[in-house]
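Asks: Build the full structure now, drawing on both the sequences and the hints.
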Amino acid sequence: MNILVCVSRVPDTATRIIVGSDGKSIDKNGVKYIVNPYDEFALEEGLRLREKNGGSVTAITVGTDAATDVLRTALAMGVDKAILVKGDEPTDSYYVAYNIAKIAKEINPDLIILGRQSIDFDSFQLPSMLAEMLGMPSVSVVSALKIENGQVSAERDVEGGKETVACSLPCIISAQKGLNEPRYPKLPDIMKAKSKPIDTREAEKTEPKTSIIGMEIPSKARAGKVLEASDANIDEIVRLLKEEAKVI
Amino acid sequence: MIVKHNKNEFEDYLVDASSYEGFADELIIPENVDEIKQILKEATVKSHKITISGAGTGLTGSRVPLGGKILSMERFNRILNFDRERKTLKVESFVRIEEIANYLAGSGLFYPPNPTEKLSTIGGNIGNNASGARTYKYGSTRKYINKIDVVLPTGESLTIKRGEIFANGYNFEFCTNGGTLISFELPKVQMPKVKHAAGYYIEQNMDLIDLFIGAEGTLGVVTGAELQLLDSPEEVLGAIVFFDSHDGMFDFLSEIKKTDEIISPRLIEFFDDNSIMLLRGTIPHIPKTTVYALWIEIETSKEKSDETLTNLYLFTSQFTSLVDDTWVALNEAEHKRLAHFRHELPLAVYEKIHQYKQQKLGTDSAVPNEFVKEYYEYMVNLFKQEQLEYVIWGHIGNSHFHANILTKNEDEFRRAKDVYVDILRRAVSLGGTISAEHGIGKLKKEYLKILYSEEIIDGFRKIKEAFDSKNVLNDGNIF
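Protein chains in written order, with our numbering: chain A, 1 to 248; chain B, 1 to 479.
Keep in mind that the hints were calculated from the coordinates and are not lab data.
Do not rely on the hints blindly, as some may be mistaken.
Claimed, not checked - Computed list of lysine-lysine pairs in BS3-like fashion (alpha-carbon distance at most 27 Å, straight line):
1) A:K192 / B:K302
2) A:K177 / B:K288
3) B:K302 / A:K32
4) A:K32 / B:K304
5) A:K177 / B:K336
6) B:K118 / A:K220
7) B:K302 / A:K28
Replies: Take a look at the structure:
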């Protein structure tokens, strides 16, 4: 089975995000980057399927040279090949999908797996865009996956329960937390990954379908008000809930 | 100032993480230092007890009140000033360790002490001289406290800046901010030369600030502190190393301490075979033949990162055939996953204790490094002899173990308690301590007598009397 896993480079979840001086991007000073956590589930699932069915796993990312580090992590986890589609730092999902689709057409994977969303832009768009561009079925937010005799059975979390979706290969699966427990990269594999080749391709520029107008940090939760305990305050509480909090 | 008289409103303040429960007449939540002064002054005049309450994450009942009033510091929760030049952070005492770490994230500076309980407050950490995994390299809270603001039981304030007030031999004589003279003599104690948090910190010619750090709130209320920060290392390499033999792990441990220039870890944490068994429940992928595991962290740089990996690999391969299974973390998210390994354990143990419906018995003892293996074997042999269920983990870099005994009935509990005392006596006879980080509080007072003579404990009591003649503050802690 030929599996393509799409990975994204995102700011570390522990990073304190500050908006940059242009008001449209984050201040990258002191920011550390990681593999998008949902993509780790995708990588793990790809590796497990390969261990069971044979074949190969290729990791792909679209970005600048800096994105090489997430490919190294993927190699350390055990993928066979890594492709960097080198270009501008992505902010527009269409640009990413277009460039991944282009490579996918070339390597013809049986299965494409990716995280349900990247935790930086949270656009959720990539799986569906890829499906449209490649004419493949896609199942999103998958928390359990079974593939037997070319038939895919994918379990999804839905409001208040689970639903199971069937489709045929090739297809696109986006991974949800709970799909698996990603393996820890091991010491010798990390060392080996450092010297493995990375296949670098030039990204094709696309007309952006979306652009960022502005970015801001969410305002902090409003400070609470403490009223002294006395019956007289009940009227005051009602007034505040009505006039200030506007909840009644 | 908020005052609550109805017990229903302050039930949460009557316990800590040890599940020891106390009682109180009221809860006071002061909002500024003047209110604390007034509360303490009145308490001393009227001789009523005050118990200081932090986050309630302690394990020895030190914030649990035994009557009187609870003084909750929860409104003292502001970070006051970050001085990048001097690398200091001024905070009020209820600021939590986690808040400090988040505040400093990305600044290039960090506060080294990192107790496992991230919700603990800096005030609690000072009261306890808290440690953490990184204590192996950086030492305990003490080293990073430059200045504290204290309100004494008389209601007077005392600002102590490190390097200003020293004992003359074993005698202290100094004035409060208001000019009242305080003088007392220190008992001539030789503290164990290990990581240590049992009883007052005493040294010849010592700094007054060190007496307050680790005093478990018995001498005064710390309202704020200035913390010393350090430059963050450029890169940190974390690893879980799996061992398939007992000797392999202990040889690794003694040798890694000699390789300072090649691999110099900042923490070394231990997990015994029973810990591994418990963890298999929640963390798959643990190699099948694992006997023990160590979690280590090594500080390195971008430039040296590859070399550090190679050195760790070559070094580790001498001690375990599971070297190829070593898990590695190179960024914050991966470090958090490794730390998860450590944090899952106490939870799994609490679950078992809950299931068995018995009290927890956990050691906090430490011994000098040369006895670490001997001491570990001594504990394990005792547990096996008495057929007790146990789980051992801990800060093995500091030769400091948390051995948890899980008992299923009263009879087992009684036998476990004898074993527990035996283990503490052994630590003391090897030159170690009965408590390396949790402190004495109200639950470990009887064990302090294993370490110190009545005469020394009386000497501690005289110090307490010099600050708190009516014994109103944190009564029941240490004494």
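Asks: Give a verdict on every hint.
Replies: Going through the hints against the structure:
For a cut-off of 27 Å, the pair hint linking A:K192 to B:K302 stands: about 17 Å separates their Cα positions. Simply put, A:K177 and B:K288 have alpha-carbon atoms about 26 Å apart, close enough for the 27 Å limit, and the pair holds. A C-alpha spacing of about 12 Å is found between B:K302 and A:K32, which places the hinted pair at or below 27 Å, so the restraint holds. Taking the CA atoms of A:K32 and B:K304, the gap is about 18 Å. The hint holds against a cut of 27 Å.
Our distance criterion of 27 Å between C-alpha atoms is met by A:K177 and B:K336, whose separation comes to about 16 Å. Simply put, B:K118 and A:K220 have alpha-carbon atoms about 22 Å apart, close enough for the 27 Å limit, and the pair holds. The suggested pairing of B:K302 with A:K28 holds, with an alpha-carbon distance near 17 Å, which does not exceed 27 Å.
Going down the numbered hints, you'll see the structure goes against none, and every one checks out.
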